[in-house]
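Enquirer: Below, each chain spelled out in residue letters.
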Amino acid sequence: MGLLTDLRDSISRVVDRLFSESEPKRIGIYGPPNAGKTTLANRIARDWTGDAIGPESHIPHETRRARRKENVEIERNGKKVTIDIVDTPGVTTKVDYKEFLEHDMEKDDAVRRSREATEGVAEAMHWLREDVDGVIYVLDSTKDPISQVNTMLIGIIESQDLPVLIFANKIDLEDSNVERIANAYPQHETVELSALEGENMDEVYAKIAEYFA
Amino acid sequence: MPEATASDNGSDGVQIDLFSGNRMANLTSMEKIRLILDGVRDGNIVILEEGLSPDEESKLIEVTMAEISPDEFNGIEIETYPRSQTADQSFLDRLMGRQSTQKLTVIGPANQIQTLHKDENLISALVSRK
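Those protein sequence lines, which keep their order, are chains A and B.
Read in the numbering used here, the first sequence has 196 at position 196, and its numbers run on one by one without any break.
Read in the numbering used here, the second sequence has 42 at position 42, and its numbers run on one by one without any break.
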C-alpha cells in the first residue's frame, strides 16, 4: 500500500474511464429505507424514457432487489450523460419482521419480506463495492441526517473514490431542513428536491449531467 | 494490555467486551467481523478501541444481513463518533495508503441497545438485558 499503489490505482481508473467513455455510467441510488429512492428513480426514468423502474410504497423495504434501468440519456445545459440507474434497497443494519406486522401483514408475509429485505441490503452493499460508477445518496430532509448508517455508507462510498451527489428529498414536507443535511456532509454537494412532486428537477438533472458526465 | 471484559456471568447481566486496537490489528477482516458478530449474537456489547475500515464496515453489514433470523437475531446497532470535518484533509494519509479508522465503535444486538444521544463527543446508549 502507499504512494505506488495509489498511483497505480489512479492510472487504472483513468484508463478504465478513457476506454469506457461511450459506456453508460452505472449510478447507484443509495440511502436509508423510506428516503424516496424508488420515487426518485421512477421520476428520472419516466422523465427521460417514459417507463418506471418499480413500485413505490410508504412501507419500509418495498424495494428488496436492486433494479436497473439502462441507457437513460440525460441532457441539460449542453451537457449530456448516459446512465444506467440502479435503484437499491434501503441500507440498514437491522431488520425485524415485527415492523411489517404494523402494516397489516400476516406473520408469514412479514417474515418473507424481512428475509428478502436482508438479501436486498446485502446485494446493495455488494453493488456498491463492485458494480457502480457513481452514487446518488438520497436522504429524507425531514429526518436527522447524522445516523450511523448514513455516516458509514458515505464513508464507504468515499473510500471507493466514487463520485457522489447528496439529494435532500421531500422538500415539499413542512419539517424539511435541507441545511441540516448540507452541514452534516459539507464535503459533498447537496441538491434539494421533491421526487414525489417533481420540485427542483431541473437542477437535479443539471447536476447529474454535470457531475457524472 | 488495554483490554477488558466485564460481566457478572449471571443470566440477567450484560457483558461488555472492549477490544484494544492491538488485539484487532492482527486479525483479518473476516476474523474481526466474526469476533464482533459472535459476541453480539451472544448478547454482548462489543466496543472497539479503533473501529473498522470502511470496507470492513461494508462487509459487516453484508454478513449481518446474512445472519438475521426471525425471532432469533434482528441485526446490530452500531455507533461511532461522526467523522470530523478535518478527516477529509488527510490527503497525505491517503497518498501514503493510510486509512484513518481510529474511531471508538460500539456494537450491540439491535434488540438490546438503543442510542439515546449522539454528537461529536458523546455517544449515550441504553442497554437492556436479554
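Hints in this document: simulated from the structure, not taken from any laboratory.
Note that the structure is a prediction, hence the values are computed from the model and not measured.
Built from N, CA and C at the ideal position, the CB exists for glycine as well.
Hints are supplied without guarantee of correctness; some may be wrong.
What the hints assert, rightly or not - Only some residues are given here: those of chain A computed to face chain B with a beta carbon under 7 Å: (1) Thr-49; (2) Gly-50; (3) Lys-94; (4) Val-95; (5) Asp-96; (6) Val-121; (7) Met-125; (8) Trp-127; (9) Leu-162; (10) Asn-183.
Enquirer: A separate judgement is required for each hint: does it hold in the structure or not?
Expert: Tested hints:
no.	hint	in the structure
1	Thr-49	violated (31 Å)
2	Gly-50	violated (34 Å)
3	Lys-94	holds (3 Å)
4	Val-95	holds (6 Å)
5	Asp-96	holds (4 Å)
6	Val-121	holds (5 Å)
7	Met-125	holds (5 Å)
8	Trp-127	violated (11 Å)
9	Leu-162	violated (11 Å)
10	Asn-183	violated (10 Å)
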